[in-house]
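Asker: So the chains spell out like this:
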Amino acid sequence: MLSVIRTIWNVFLHSFRRRVTIQYPDEKPYLTPRTRGRIILSRDPDGGERCVACHLCSAVCPVDCIALQATEDENGRRYPEFFRINFSRCIFCGLCEDACPTYAIQLTPDFEMSEHNRQNLVYEKQDLLISGPGKYTGYNFWRVSGVQIEGKDKGEAENEAPPTDVYRLTP
Amino acid sequence: MGTIYIDGKPYEADPQNNLLHVCLSLGFDLPYFCWHPALNSVGACRQCAIKQFKGEQDKKGKLVMACMTPASPDTRISLLDPDAVAFRAGIIEGMMLSHPHDCPVCDEGGECHLQDMTVMTGHDYRRAEFQKRTFRNQDLGPFLNHEMNRCIQCYRCVRFYRQYAGGKDLNAFSINNTVYFGRNEDGVLENEFAGNLVEVCPTGVFTDRTLKQHYTRKWDLRMAPSVCGHCGVGCNVTLGERYSLLRRVVNRFNSEVNGYFLCDRGRFAYEFVNSPNRIRTPQLDGEAISGEAAEWEFQNLTSSRDRLIGIGSPRASLEANFALRQLVGADRFFAGVESKEWTLITTMIDILKRGPARSPALNEIEHSDAVLILGEDVTNSAPRMALSLRQSVRQQPMEIAKKLQVPLWMDDAVREVVQDQRGPFFISAPFATRLDDIAAITYRAAPDDAARLGFAVAHEIDANAPPVPGLHEKMRAMARVIADALKKAKRPLVVSGPSCRSLAVVESAANVAKALCGFSQPAMLGLLTPECNSFGLALLGAHALDEAVALTGKDATVIVLENDLYRRLPLEKADALLGSAARVIVLEHLSNTTSARASLLLPAATIAESDGTLVSNEGRAQRYFSVFPHQAEVRESWRWLRKPQWSSLDDVLSDLAKEVPQLAAVVNAAPSSKFRVDGAKVPREPHRASGRTAMTANLTVVEPKPPVDPDSALSYTMEGAPLQPPGALQPFFWSPGWNSIQSVNKFQSEIGASLRTGDPGVRLIKPSGKGEYFTQIPSHFVRREREWLVIPIEHIFGTEELSQHAPAIATLAFKPYLALNASDAGSLGLANEGEELEIELGGAKHRLPAKILPDLPAGVAGIPNGLDFAFGEVFPTWRRIERVS
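Quick mapping for you: the protein sequence lines, in order, are chains C and G. First residue of the first sequence: 1, per the numbering used here; consecutive thereafter. First residue of the second sequence: 172, per the numbering used here; consecutive thereafter.
If we strip away everything but chain G, and leave its shape as in the complex, we get (with noise of 0.2 Å):
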C-alpha cells in the first residue's frame, strides 16, 4: 500500500491499481463508462479524466484518464480541478450530440448509467443544432431489445460478448461516428449469456425483451435477494415485482459466486411464476376448496402417522424438504430423483466430504490455471459455470504480462501480450462442447472411455492410483500430457458431474484430484448437481425414490413435494406408485402430470413468493427471499407441511439444525426474522417507490395494511433502515447519484471484493480427509452390432423443468432429435439429416429426426436431455435405432 493525494487529502492505496478504479473503493464519483470492473481498463472514452500533479509544487498539473494511470504511491491527483470538471461535461456534451430524446419511453431510463453520468458532470443543456445520426435496429431474438440510436459507442458489450464470453456473432461494423454495434443480420445471439448485455450497456442499447412486455421502471420494482433455482450453482440474483406479477431478474453481485454476471437460462426464466399453468386453488378430488378446507383436509389425511410416504425434490427448499421428512419420518422420506441419479448425487456428496480436494466457488475456478473437464457440457449443464471456465484459460498467459511488468488491469495491453495463448484447459464429453474453442485438448468418448481418461491420468500423476488395464499407447500418452499440465499447475481443477450419468467418470474424476492433492497444490474438485438443491437434500438424507414403489400400496398416503414423478420414473412405476396408493397429496406450483393424479393437491409457493435455503454444487447455502407475498390460496410448502409449533421460518430452521447436524451452519446462510438494522426491518421498495394510494384504488379507495413478512427481516414497503444490510439481505443496489446497476461499486469493500457486509451463504462442505481411490475402472467402451448406447445431451434452454414455462426461454428450447455421428447415419442409410428415425424409449416406440453430431463416438447415439417420453429412462441404455422407410 502507498499514499496517493486526492485533492490534497492523503488515502492509502494499492499501486496495483488504477486511478479511477482507487477512487471508486475510496467513495469517490467520478463518471466512466468503457470501464466495468470485470472487463478492467482500455482508456477508450476518456469520461474518467482526472488532473494529475507532478509533485506538491506542482499547480498546473496534466490531464489523464484515470482509469488508465496506476495508483503509483505519492500520486497526487485532483478531481474538482476545474479543467478536469470542464473536460468530463466536454466528453459527456459531446456523447449526447447524437442520443435521442427518449429517456420518457426508454427502459433504461431510471437505472441508466449515462443518464447518471450526465447528472454527475452538470450537463443539462443541449447546445448543438446539428442533426443527430440515427441506426436501424436488429431483432435479436426473445431475450434483448435493440435500440441503436441510444449507442455511446463505449464498446463494452463487444469487449463482454467476445472477449469474455466467447461469442462470435455480435461486433462493431462500420467506423468514424457511425460505429455499429449488432449482429451481420437479424437474429438470435448465439451467445448463452447475452442477456448480460442489459447490465453491461451503459445505456438503453441493450435492454430486457421480456421485461418489455411488463414494463416497470426500477423505482417502481418491489426487490428481493434471490438465488437462481435453474440450475446448482446457485447465482445471486434480484428479483423485482409490481402488482403480484414478477417483472425481472437482475444479477446480484457475490464476489464468490456469480460476480457481476448471470447466464440467459436464470435471467429470464422467471416468468414460469407468472405461467398461466400456476396452480393457485387448493383442489380435493378436482374441486377446488379454501385454504382453510385444504388445511384440515391435510391434516385429516395425515394424522395417521404410519401409512405416509414423503417423496421430496430437488428443487424445493430444504426447509420444506424437511418439514416433510419429520411429517413421514425419516424411513419414509424419499429423495424424489430414481436410484442412479441419486447414487450419483450421494457419491458426489461423499467425495467431496471425505476430500482431500475441495468444492470451488465460482471465483475460484476463474482463477484457476489447469482445467480437466470429464464428462460435461458445462455450458449446457452448469452455464454460469462455464463463464468462469472460459476465464481461466488467462490466467497462465497472464504470467508473461505480470513479468513484462504490465499491469493486470491494463485490459488491452494484457491482451495484446497474451494473444492466442491459452493455459492448460482439456476437455473429454461425448460431443462438442461449447468450451472446445478454448481447449488445448478435446478428447470425445463414451462415458466409459472418457472414465478411463480420467483413471488413467489420475495414475500418470500418482503413481499410486489404480492404473487402467489395456490402456491404449494413444491414451496413456494423452493422459501424460493432461497429467504433466495439471502438475505444474498452481491452482488445478478438475469438474465433473451427472450428466453422463455415470459414477465411474465421477470417480475417475474424484481419483484425479486427488492424486494432484497429494502431489503438492490443493486441487479444487468442481461437481455440477443436476438441480438447484441436490446437495442440500442429499445432506438431509433421503432414500431414493425407486424404494418408495415398494412401500404404496392400498393403505399408504403419498405426498409429493414440489415433484414431477413422471419426470423421474418411468410411467408404470410412476403408475403403480401414486395409483396404487390410496391418496396422493401433492403439492405444486404448476400442474403436470403428476399434479393431475393428486387427489388433493395444494398450491404451493415459487422461489419468488417464499423463503427458503437451498445448497448449491459448491456446498453452500445460500437463503433466498419472497418478493412479494403470495396470494391467498397459495402458500409455502413448509407452511403447509408444518408442525403446529412453528409459526416462522426460524422455528423450522432451528429444529432443522437440531435434528440434521451436519445442517446446522444453514442457520447463519442469512440472519433470522428477528434482525433489524438500526431498528428497522430492511425494505424490499425503494424510497422512490410510487403508487402506493392508487395502486388498488380501483378495488377499493381505503388503503390496506401493508402485508406483513414474519419469515425473514425484510420488509415489503419502503418503509426501513437507509443502511446497508448484510449481504444476504441486500435487495438491490441503489446510492445517491447511482442509479444503475453499477451502484455496487458503493456497496463493496473495494471494487471487484466482497460485500462491505460480507457475501451471502455458508459453505456447508469441508472435506475432512485424505479420501481413497476409487479402483473400479470400466473396461474400454465396445460398440455393438444394430444398437446403439443412447446418451442424454443437455440443454441450456429444454432440459430444466420450470424454464420451460417461460415464453421467451420455449421459444428458444431444444427440437425434438435424435443424433448420431456421420458414419452410423451412413451405416443406418441415412442420407440427410431430419430423416426420421425410430427408437424404443419409455415402453413405446418413437419417430425423432436424425441430426449428425460428427463428434459422437461410433456406437453411442444421443437424444436431448428433457424429452417428455423419454422421461424415466436410465440412462446411458443400449437401443436398437431403426430407419424409417
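Next comes chain C alone, as it looks inside the complex (with noise of 0.2 Å):
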C-alpha cells in the first residue's frame, strides 16, 4: 500500500521536471558536426573535386555499397567517372571518412533519408558533391601528390625540389 502512493508521488513529483524528450520531427535535435550521417564528396580549397578515385572507400564499406569508376581528365587530375552509393544499404559507420586520403568524402549530420522507395537512395556523384571543402577547409591532395597535373609542374608540389638533370654528372 505505502509503495503504492510512493510510486504515485514519485510520478507526481516528475511532472515537474525538465522535459528531455524532443518533439522530433518538428523539433530538430543538435547533432555535432562529427555525427556520422549521410556522406557528402568535397571540392578542395580551389573548387576542384577532391575525389581522386582511389578506390579505399570502397574497399572498405563493409556493406559494398559504394562503386566508383577511375578516370583522367585532360590536365592529368584523377576523378571518379562515376561514384554512386547505395544509402539502402549504408550503414552509417564512417569507415568510408577515415579511409580517404583526400578528405572529400566526409559524413554529415544529416540522417533524414526516409523514401517509399528504394531506389530513390542510390545516389551518383552530382547527389553527393557539395561545392565547399566541407570540415577541412585548407587542404588539396594535389599539392602534396608528386604527379604532374596542369598548373603544377613537376617539383611544384609542397616539399619538392625542382627537377633533377639528368644529365648532370657532378654529385
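The hints are simulated quantities; they were obtained by calculation from the structure and are not laboratory data. Treat the hints loosely; a few may be bogus.
[Stated by the list, open to error] Calculated lysine-lysine pairs in the DSBU-like style (CA-CA distance at most 30 Å, straight line): (1) K303(G) <-> K152(C); (2) K383(G) <-> K154(C); (3) K744(G) <-> K511(G); (4) K339(G) <-> K154(C).
As the structure is a prediction and not an experimental result, all values here were calculated from the model.
Reassemble the complex: the two chains are provided individually, in unrelated frames, and hints are given to aid placement.
Answerer: Shown next, in the form of C-alpha cells:
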C-alpha cells in the first residue's frame, strides 16, 4: 500500500522536472559536425573535385555499397567517372571517411533519408558533390602529390625540389 | 640438403641456394627489392638484412644480406633480431625519403611491392623534413606509363630489360641520389618484353598504360586463369575484369611454360575483347534477332545433316572444333587452314609423335646449351620463346662459374665470369632477326638453302642421314662447325617452324634432331605453330580448307567457326566457297569479311568469356576459364553447336575423350566443374572485391543473383575456399601481406619451382619411336631474272589477327612495305627507301613502299605477313616487281 502511494508521489514529482524528450520532427535535435550521417563529396579549396578515385572507400565499406570508376581528365587529374552509393545499404559506419586520403568523403549530420522507393536511395556523384571543402578547409591533395597536373609542374608540389637534370654528372 | 637454424629452429635447406631464397621458400616474410627470382641476387638494396651468428655461443652476430649469403649447413640466422629489424626499417625509411605522396592516384596502389614491404617493416610515419627530389617523366609508348618520382633505384628494370631481355634502349642515367631510369629520349621502348616492367618494377614507375584507360584496383578485379591465344606458345595469363569490361592481363606463373614473363603481344592484346567491332547480337540476313530465335534457326538449318560443311579454326578451342566436327561429321569437317599450311602443321605433329626428339617446354628451352634455329624469326612469330632462347646462351659459359665455385644465384659475379662469352647459338633465317646479337653464326638464305643447311648439319652429325647433293664447301664447313657444337652439347635444341612456309625446312630440322638423338644426348625439337590451337586442331583431325571448295554447292550449308576465310584463301576461292553455298552460318567474335557474308551470324564468346582447351606448340593441353559471364545473346561456340545432351563443358570433354583417343588426356588439363576445394568453388574475386551492392544499383536497387558457372569449378563471386586450388584453377596470386604479383612466392613449392599444387597443363604428344630421316632435299636456290621469291615476314604487332583490334597494339603494327636487299633495289633503279614498287598480290596490282633489308638474299623479296590484300597467297611465291616510274 505504501509503495503504491510512493510511486504515485514520484510520478507527481516528475511532472515538475525538465522535459528531455524532443518533439522530433517538429523540433530538430542538435547534432555535432562529427555525427556520422549521410556522406558528401567535397571540393578542394580551389574548387576542384577532391575525390581522386582511389577506391579505398569502396574497399573498406563493410556493406560494399560504394562503387566507382576512375578516369583522368585532360589536365592529368584523376577523378571518378561515376561515384555511386547505395544508401539503402549504408550503415553510416564512417569507415569511408576514415579511409579517404584526400578528405573528399565527409559524413554529415544529415540522416533523414526516408524514402518510399528504395531506388531513390541510390545516390550518384551529382547528388553527393557539394560546392565547398566541408570540415577540412585547407587541404588540397594535388598540392602534396608528386603527380604532374595542369598548373602544377614537377617540383612545384609542397616539399619538392625542382626536377633533377638527368645529364648532370657531378655528385 | 643441410640444416640451418632460423631464430633457433632447425630447417632443411639446400646449400646451393642463398638465404633469402631459402627463407622465402620456407614461408618467412623477409622484405626485398633488388632480388627477383628470375634475375637473382645483386645485393644492391640492402633490404633483406638478417643477423648471422658464428655458432650457438655467438649471441652478438653480424648483419648480412640474406640474398648474398649462401645457406651453408649449420648456418645460424635470425630474422627477428632487433638490430636486423631496425636496420630493415631504416632502409625503407631511406627509400621513402623522396617517394611521392601518390598512392591514391598511383596505378600500382593495392598491388605494390613497396607498399607491402613498407608495411612489413613497420615504417608508417615520415620524419624527414627535407625536400623530395623529382624527375621529369618520359613518353614510353602506348604500353607503359612512366612516373620516375616513385623510383627507389633498385635497378630491377634495367637488369631485366638489358641483361635478361637483351634490350638496349633503357638505361640508368645520372648519379648519386638522382639516378634516372629511362631512354635517352622519349619514344616507344623497343624491346618486345618491355611490358614485363609493369611486374618487375616493385613500385609504380612503370605501370600498364592500357589499364590506365579503364583503371581498376587489383582488389576489385574479377580474375580467372586463362591461356594466351595470340601465338602458339600457350603462356599462362591471368585476366582481370570489372563492369563487364576486360581490364588487363598479367602473367600467371607456370614453371614449365612462361615462368615470370610474357611478351607484349600477349600482355596488351586483350583489348580486342572490348572492341566496338564485337558481334553481340545474332543476325539473320542482316537483321538482329534474339538468341532463342537464332538457336531455333540454327537447329532448323542444320537438321538436314548430309549437306553440312563445317570449317573449324586453329584459334578456336578444342571443344568448339569438336562440337562442330560432331555436328557435321568427320568427313565434312575442314581445318580452316589452306592446304600448304595444313600440311606443315600435320607434318610437324607427325614428326613430334614419331620421335625421337621431344618438344621442349619453355623452361627446357631456357636450359638448353646449344641451339640451332632454322627458318624462324622467333621474336616475331613466338615472342615468349625468344626470351627463353636468349637465356640459353648463358648455359655453357655458366659452367665456368660452376667450376670457379661461384654460386649461380650471385648474378653480378656470374656475369663477371661469363663476360661476353656465349654458348653455341646458330640462326638460319632469310633476314636479320632480333636474336642475331647472341648468335655465333647467322646464315641468311632463301628457305630452300636454310633447309639444305639443316640437312647438311644432320649429315655431319650422323653419316646415315641423307647427304646434301652439290653442297658448297663453305656451307659444308659451316655445317660442320654447327654439328660439332650441337654434338658437344648436353641439351641441344633445334627450333623451326612454318614461317618460311617450307616443308623442307621443317623436315631438315627434324633430321638434325633425329641425328642428335642417335648420337648421344636426347635432343629437343621445338616447332612453332602459327596459331594458339593449331596442334589441337591437327590432333583432332580435319581436312585442308581447299577441299571444302569442291564440296560446296547450292544444296550445302557452310558453318564457319571463328575463322575469317578471306585471310585463309584467295579471294575467288573464298567467294566460291561461301557464295555458292545455300546458307552460310558464321560463329565469330569480331566483324570481318566472312561474317559480313553470313546468312546466320552467331555471336561467339571470346577467350575471356568462355572455357576451353588449347594445345600449345609443345603439345601441352591447357584449359582457359571465362573471367566474366558472356552477355545475354553471346554464347560459347560449343554451346551454339552443342548436342542436346551436352549441358556443360564436362559433357563435351568426356565425349571428346571417347571419340578422339589421342586427345583423351585433355580431360585432365584442369579439374572438372564438380571439383571443390573444401566443399566450395574457387572464387574468381578476391575477398576485398568491393561495390557488390552498388555496382548495378543505378539500373535497379535490387541486387541480382550472382551469375552461376556450370562449366568450371570457379565461382564468379568472392565466395569460396581461401585455400590454394590446383594450379590450373589458380585465379590470382595474393597472400596476406603480399598484395603484389610477387606473392607468387607463397604459392610455389620452392622459389622459382612449380606451384605447390602442380603446374597446369598436360602434355599430349609423346615421341613414340625413332622416326625416320627425310630424304627430299631441295636443290640450291637459284634466283630468277626480273622475278623475286616473295616470302612473308612475321611481325609481333600486326601479323596476328585478333591482337590488331587492340588499340595499343594497332598503333605499333607494321606499315606495309616490300623488302628487297640493297643490290636488288639498285637493279630496279631505286634510289631511296620508301619509293613505290608494284607487285601483283591477291589477283591485283598493288603499290608498296620499298624497304631495304640488307640481309635479304638476292632474288628474295619480303612482305609483312598480315597485309590484307595478300591473304590467300600461298607463300613463297614468284612475283614480278617493278618500280613505279
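Asker: Hint by hint, which ones does the structure fall short of?
Answerer: none
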